[in-house]
Every structure is written in structure tokens, then in C-alpha cells.
Amino acid sequence: MRARLGTISLLALAALALTLSCGQEKEKVTLMLGGAPAEMDYWEELIADFTSRTGIPVDLMRQPTDTDQRRQSLLVPLKAGESDPDVFLMDIIWIGQFAASNWLEPLDEYIARDDFDLAPFFGDIIEFADRYEGSTVAMPVYIDAGLLYFRSDLLGKYGYEEPPDTWSDLVEISLEVQAGERNQNPGFWGFLWQGAQYEGLVCTFLEFATSNGGMLVDRQGNLVLDREENIEALWFMRDLIFDHEISPPNTYTEMKEEEVRSTFQSGNALFERNWPYAWGLHQSEDSPVRGKVGIGLLPRFEGGRHAAALGGWHVGISRSSDAKAASWELLKFVVSREAQLGFALRLGWNPARRDLYDSEEIAEEAPHLVNLKAVFETATARPNVPYYSLLSRALQQKVNAALSGSIEPEEALAEAQKEALDIVERYGR
Amino acid sequence: MKLKALSGRRQERVAYLFILPLAAVIVLFIVVPVIGTFWTSLFKDVTYLPTEFAFLSNYKRLFTDSNFYQSLRFTLLFVATTIPIEMVLGMIFALILNERLRYRNALRATVLIPWAVPTIVAARTWELIYNYGYGLANYILALLHVSGDPVNWLGSPVSAFFALVLADVWKTTPFVAIILLAGLQTIPEEIYEQARVDGTNLFQRFFKITLPMLRPVVAVALIFRSIDTIRILDLIYVVTDGGPGGSTTSLSLYGYKYFNEGDFGYGSAIAVVLFILAFLLSVSYLRIGGFSRDLG
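Chains as they are written, first to last, in the working numbering: chain L, 2 to 430; chain G, 2 to 297.
Keep in mind the hints are simulated off the structure, nothing from the lab.
It is possible that some hints are incorrect.
[What the hints assert, rightly or not] Pairwise CB distance ranges (calculated):
(1) G:I93 x L:V77: 41 to 51 Å
(2) G:H146 x L:K158: 29 to 39 Å
(3) L:E412 x G:T126: 33 to 43 Å
(4) G:S58 x L:R338: 49 to 59 Å
(5) L:V77 x G:S67: 27 to 37 Å
(6) G:P51 x L:M41: 36 to 46 Å
(7) L:R54 x G:P22: 43 to 53 Å
(8) L:D287 x G:A143: 20 to 30 Å
[As the list claims (entries may be wrong)] List of simulated lysine-lysine pairs, DSBU-like, C-alpha gap at most 30 Å:
(9) L:K29 x L:K325
(10) L:K80 x L:K333
(11) L:K257 x G:K172
(12) L:K257 x L:K158
(13) L:K80 x G:K45
(14) L:K374 x L:K293
(15) G:K45 x G:K61
(16) L:K419 x G:K61
(17) L:K419 x G:K45
(18) G:K61 x L:K80
(19) L:K257 x L:K419
(20) L:K293 x L:K158
(21) L:K374 x L:K333
(22) L:K80 x L:K29
(23) L:K293 x L:K257
All C-beta atoms, glycine included, are put in the ideal place defined by N, C-alpha and C.
Based on the sequences and whatever the hints tell you, model everything.
Written out as C-alpha cells, the structure is:
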């Protein structure tokens, strides 16, 4: 009997000690994000620097690299209203859903209290992506937009001085160079782009459509997926694979960012549509195309304009956070000039601060970024609605089906439009 | 407390006490979540909308959802294709491994390797094998000069379907083989001796002796495999992510996407449908297995 009492009291003491120690973690900020190993290493350095300056401890919760899995691991604690994570990174397309679900702490009070200057940032992006029902709920960390990469050496070899301005020019040049290069390299392709059934396909489709004068949402805010210009653009995408045959058949099954990048980097393509991140990798020590790559705007259709899909990652504070003041300090640090410069020079990320693009440091060490500022300012955003992921899935599926040849573009976009309207009715407020 | 001194009644009560922890675990981790999912499916539960009781409207919506029917068709077709192949192949392997072979133990261990490899790792490998540009499958085809162009294995709904069937059968046949092998080893050798004396041939021995005696074991293998396959998610997520054009989306994957997008109500409804299907399958197998007869 005495022994049992002894055991019970020991256990009770242990439990008490545990709960007491849990209470002490209240002032620590939990930061949740994912990325490539090199990126994670840099974040560790960054938060160590932050802690040494401010004395606020930061716990880094690591997520997988895949963007869908990152959202999934955020969804669970946020929906459950847990106090961790306090700060986290979001893909630009999640902000609408997170804000409408009441998971983001409004930042206007903190901005006003600290007299935080928003002028150095891309104002349009903050206005469109980071505001929800009048309040600012997030800040951009880095910006992304679709670009055209090209082999400047091959263009020169076949007598072309400039990258193509229109899509028909691109097709013409690709056919010539592809035919020529296939003599030595049978696996050579003219133009690589992301066509697999995933979020990236919406970006690619958005670019082709916008460069033809098309759009997903009109000026009144109505969904117009089956517009004539969109259908034409989708036909063109399909023709690239089956008619001109300058894009490989697995464009619509396997081609995502990394597939496209590695195929281009191994020297097997003339043109590539990809995000700015690929530049650093193409220029790395062991890259076969080092020094032979140029970047420029994606081509346009006759009568259209150059278009680029807007991407990027943003930072927010959880509404259920138990360390909001400390989290705000961390957030300010992440978007500070110093940290942003570090992202640009160490990781090749494009800063969210517009003023950095005109700076001396960038001009010296990352000159390719200087021209990107204009691209970011005119990039086309995807609809910032809470149910965006459902819209995206419907569009992805239909566009991919059209690319694979199982249905015609007219039918695909008409069905996508019908499903989209259904989604708006069901999920819109 | 000396057990043998207790009366029958008290023995029973003590026995229930011992079962209590297990029953608690089953209720807490199995019954409660299942009921919880049922409950959630009766609501319009979207993270960015006010939650409201919707009774059966999620199920009504399923009835008119063409994507749901596509997933249902794919899942049932997938189960109907892979299960027979696994069972037949598994039986063949089991029969071979039952014979007195020289390296029997080594063979048995080797056969288990596909089953032991984590599904995600195997799925990634298959994804690479089927890769259009640098995959092993196209490489072998090119070596053998079979076709001029590389094959787009995951490019059409039909070829993607069979690509997935192959990957799944490769992974799970060993499981069936091991279970059937265990059953084969319980069949006494004397029965076969007697049958050989009576002048029966190989096929007659297999169909008249082996198969009937293996019936309960076959039913167990069928139940395990069917419930696993009907819920399949990881293999499909990695190899095709439901593409091309959504044609290889399994029911699990379809429900998962809704959860990931914040619609917990609809996702739960899909999960409930899956649960009912799996349940019906297992019940029908139990009848085939003749378990009720054995217990009688």
C-alpha cells in the first residue's frame, strides 16, 4: 500500500513539473516553413541572428518541400486553433483562404504603432494579395513571376540576335533549331513548360491566355474561363505538343518546375518557361549550360501583351498565437532590408522590397534582378478568393485533359466554367 | 488473488477487466473517429464559411458529382483488376515456395522484399521507371529496339491505369503469397498422399483438395487486400497525382483533396462512402470464406 502511494505521488510530481515547464515556453516564437535543405540552413542562420539581437527565442518547425504538403501541415493546427505555429510562410494563393478562415492576425495596428513604412514594398502586390476586407493580414517575403529562359549560344549559332517577341516567332525559331540540333542530340526539344496536372499549370495557362488578351476574371469580378482568347491560347498550348511538336509528350504528365529545369540544364532544350529560381541553378559550377543562358519576357500573341504569372511567398501571424508581439518583431526582421538582401544574394530569391532592385549591392552581385523589377510590377495575379484551390483544381483538370487530347479546348473550358460557377455558388459568401 | 479459487462468474468479470484496455483503445481510436466522420459529413463544414447543419446535402451533391463517379469507377475498376492478378500470382508463388526446394528460405525472404519496401519509396521508383525522358522502361524499350519513339506511359488514362496496376501488383503479391503459404502449410501431407494413391492428377488435387481447404485463408487475404486497395492513396498520389485529367483519381485521393482545400464536410462524406464500400466488401468475403460454418 505504501509503495503504491509512493509511486502515485512520484507520478503526480512529474506531471506537475511537465505542466510548469510547458508554461515557460510562452514567450518563444514558433516559425513554421519548408523548403530545400540550403534554404532551411539559411533560415536557421537568420533566426539565430534574430535571437542574438532581440533575445527572443525562435523555434523552427520544419515542413516538407512540396507546397501542397506545406499547406496541409498548416491547415491542421490552424483549424484547431493551436497556439503553435505563431509565424508561418504562405504561398500567395493561400492568403485568401487563410484570411477568410480567420486564421491571420490583422497587422494594421502593429504597422501604425511602430510607424512601419510600407513604401519600400511592391504596393500593388500588398494591395491585391495581402489585404482582406480592408485590413493587412500578411507581408510578402519574396516575389516570383514566370520568365522565358533561352540558350543564347544556340540562338547565336543559328543567326538570331534577339529572343522571340511573339509566340509565332518562338515556334519558327524552335522548329529550325530543333531540327538542326536533333542530328547530334535526338532528345532535344524546342520549348519546355509546366503542363502537368497541378497548380503550376494554372500559372502557365494564365500566362498564355493573358498574352492573348484573355483573362480568368473580368473587370467586374466575374469568372470568364471560356472566353474566346482563352480557348485560342489553349489550342496553341496543345499545338505545341501535337502539331508543331516542339514540346515533349510528357509535358502534360510529368513536366513540373524541376523536370523542366533539369531537362533544360542538361542542354536538351532551347527555350524554357520557369520561375526566377532556375537562374541560380543554371549558373552553378557544374551546370552544362553555365554562361549560355539568357532570360527575358515570355512572348505574346499578335495584338496581345507580355504576361507573367505572379507567385511568391508571404509571411503571416496566427490569430491563435500566444506570442503576438514577439511574432511581429520576427515578421519585421524577415522583411527588413538586411534579411531581404540576404535572401537575394544567398538563395537567389527575388526581394519583396522594391527599393532593393535599385540598390548598389544588387546591381553588383545579382544584376539579372534589376530587369525583373518591371516584370514583377506588371505580373498577373491569380484570383484571390478563399475557394481559389477548388477553382484551381477544376481548371487544372480540364486544361490538362485538353492538353492530353481527350477533350477539345472549347469543351474543356466550357466545363471548367460550369464547375467554377458551381463552386462560386457553393463556396462564395 | 488466486484465479483458480474464483467462481465461474467472477472469472468472467476478471476476464472482462483484462479486455477493458483493449476495448477502450478500439472505442477511442476507431469507433469515435468513424462516428466523428459520419457526424462531420452531415455539416457544411468549410474553414472559411460559417458551419451549418446540412443533413444529407453533401451526399445529395455526391450523387450529381461527375468527378465523384469518375473516382468511384476508377477505384472499383482498380480493385477488380489488381485483386485477381495478385491472388493468382500469389497462389502460384505460395505453391512454389511450399515445395521442398534447395534455397527455400532465401527465396521466401527475397519474395518479401517488395512488400517490405515502404510504399512511398516504391512509388517514387516506379514514377522514375515510367518517366518519359530518362525512365528505365523507355530505356529498355530503346535497347531492345522495340519502338521508335519513347512511350508516354502515364500519358493516357488507359496506360496510366495499367502502369498503376503493375506497380501495385508488384508491391502486394508477396503479401498474398505469404498468407497463402501459411495456409498451405497447415494442409496435412497425408491427404495428398491418399489422393495420389487414388490416382488423381495435379489439377484435380489443386481444385478438389488445396483450394477448398484454403478457403478461410483465401478469404482473409481477399479481405486485407480489398480493404487496402479500395483505400489506395499513396501510390497514386506519387505516380500520377490523379492525372492525366483526373482519370486516375482514387476515392481516397478525391476526399483528401477536399480536406486539403478546407471543405471538411464534403471530404468526410466521401470518406463515409468509402467506409461503406469497404465494409460491404468485407462482409461479402466473410460469407464466401464460410466462417460462419466453421464456428458452428
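Report the numbers of all earlier hints that the structure fails to satisfy, in ascending order. none
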